[in-house]
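Trainee: Last residue of the sequence shown: 68 in full-length UniProt numbering, with the numbers rising by one and none dropped.
Since the hints were derived computationally from the structure, they do not count as laboratory data.
Cβ atoms here follow ideal geometry from the backbone N, Cα and C, with glycine treated the same way.
You may find that some hints are simply not true.
Stated by the list, open to error - Pairwise CB distance ranges, derived in the manner of DEER restraints:
hint: 1; residue 1: Leu3; residue 2: Ser47; range: 15 to 25 Å
hint: 2; residue 1: Asp7; residue 2: Lys38; range: 28 to 38 Å
hint: 3; residue 1: Gly62; residue 2: His9; range: 11 to 21 Å
hint: 4; residue 1: Glu13; residue 2: Thr35; range: 27 to 37 Å
hint: 5; residue 1: Gln57; residue 2: Tyr11; range: 14 to 24 Å
hint: 6; residue 1: Pro30; residue 2: Tyr4; range: 28 to 38 Å
hint: 7; residue 1: Asn68; residue 2: Asp27; range: 26 to 36 Å
hint: 8; residue 1: Leu40; residue 2: His9; range: 13 to 23 Å
hint: 9; residue 1: Asp7; residue 2: Leu40; range: 16 to 26 Å
hint: 10; residue 1: Pro2; residue 2: Pro30; range: 30 to 40 Å
hint: 11; residue 1: Thr8; residue 2: Gly62; range: 12 to 22 Å
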Amino acid sequence: MPLYTPDTHDYPELTEVWERSVRATHDFLPDAYITRLKVLLPQYLGSVTLFCTRDEQLNITGFAGTRN
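Using the sequences and the hints given, assemble the complete structure.
Mentor: Pasting the structure below:
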């Protein structure tokens, strides 16, 4: 599976993937908290080196960020 490097124009899609993942795995978090984090996500995404996977239609299916 190839890795891609997303750009800032991918942030909305990365945010959607993030939100789906958080809602599926963190059912203990209140909606208000998820909403607050979601607003901050572009800032967080911009502070790390991002990698993502994509499906056949090039939709982002997952991502990770690293920072030295």
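Trainee: Quick check: does the Cβ-Cβ distance between aspartate 7 and lysine 38 fall within 28 to 38 Å?
Mentor: The hinted range 28 to 38 Å is violated for aspartate 7 and lysine 38, with Cβ atoms some 19 Å apart.
Trainee: Taking 13 to 23 Å as the stated bounds, is the beta-carbon spacing between leucine 40 and histidine 9 within them?
Mentor: Since leucine 40 and histidine 9 have Cβ atoms about 19 Å apart, the given range 13 to 23 Å holds.
Trainee: Does the Cβ distance between proline 2 and proline 30 fall inside 30 to 40 Å?
Mentor: holds, 37 Å
Trainee: Do the beta carbons of proline 30 and tyrosine 4 sit within 28 to 38 Å of each other?
Mentor: Holds, at about 33 Å.
Trainee: Range hint 12 to 22 Å: satisfied by the CB atoms of threonine 8 and glycine 62?
Mentor: This hint holds: roughly 18 Å between Cβ atoms.
Trainee: If you check the beta carbons of asparagine 68 and aspartate 27, does the distance land in 26 to 36 Å?
Mentor: holds, 33 Å
Trainee: Does the Cβ-Cβ separation between leucine 3 and serine 47 fall within 15 to 25 Å?
Mentor: holds, 19 Å
Trainee: With 11 to 21 Å as the target window, see if glycine 62 and histidine 9 comply at their CB atoms.
Mentor: For glycine 62 and histidine 9 the Cβ distance comes to about 18 Å; the hint holds.
Trainee: Quick check on a hinted range of 27 to 37 Å for glutamate 13 and threonine 35, using CB atoms only.
Mentor: Since glutamate 13 and threonine 35 have Cβ atoms about 18 Å apart, the given range 27 to 37 Å is violated.
Trainee: Lying within 14 to 24 Å: is that true of the beta-carbon distance glutamine 57 to tyrosine 11?
Mentor: Roughly 19 Å apart at Cβ, these two residues keep to the hinted range, so it holds.
Trainee: Does the Cβ distance between aspartate 7 and leucine 40 fall inside 16 to 26 Å?
Mentor: Hint holds: Cβ distance 19 Å, inside 16 to 26 Å.
Hints 2, 4 from the list above are not met by this structure, while the remaining hints are.
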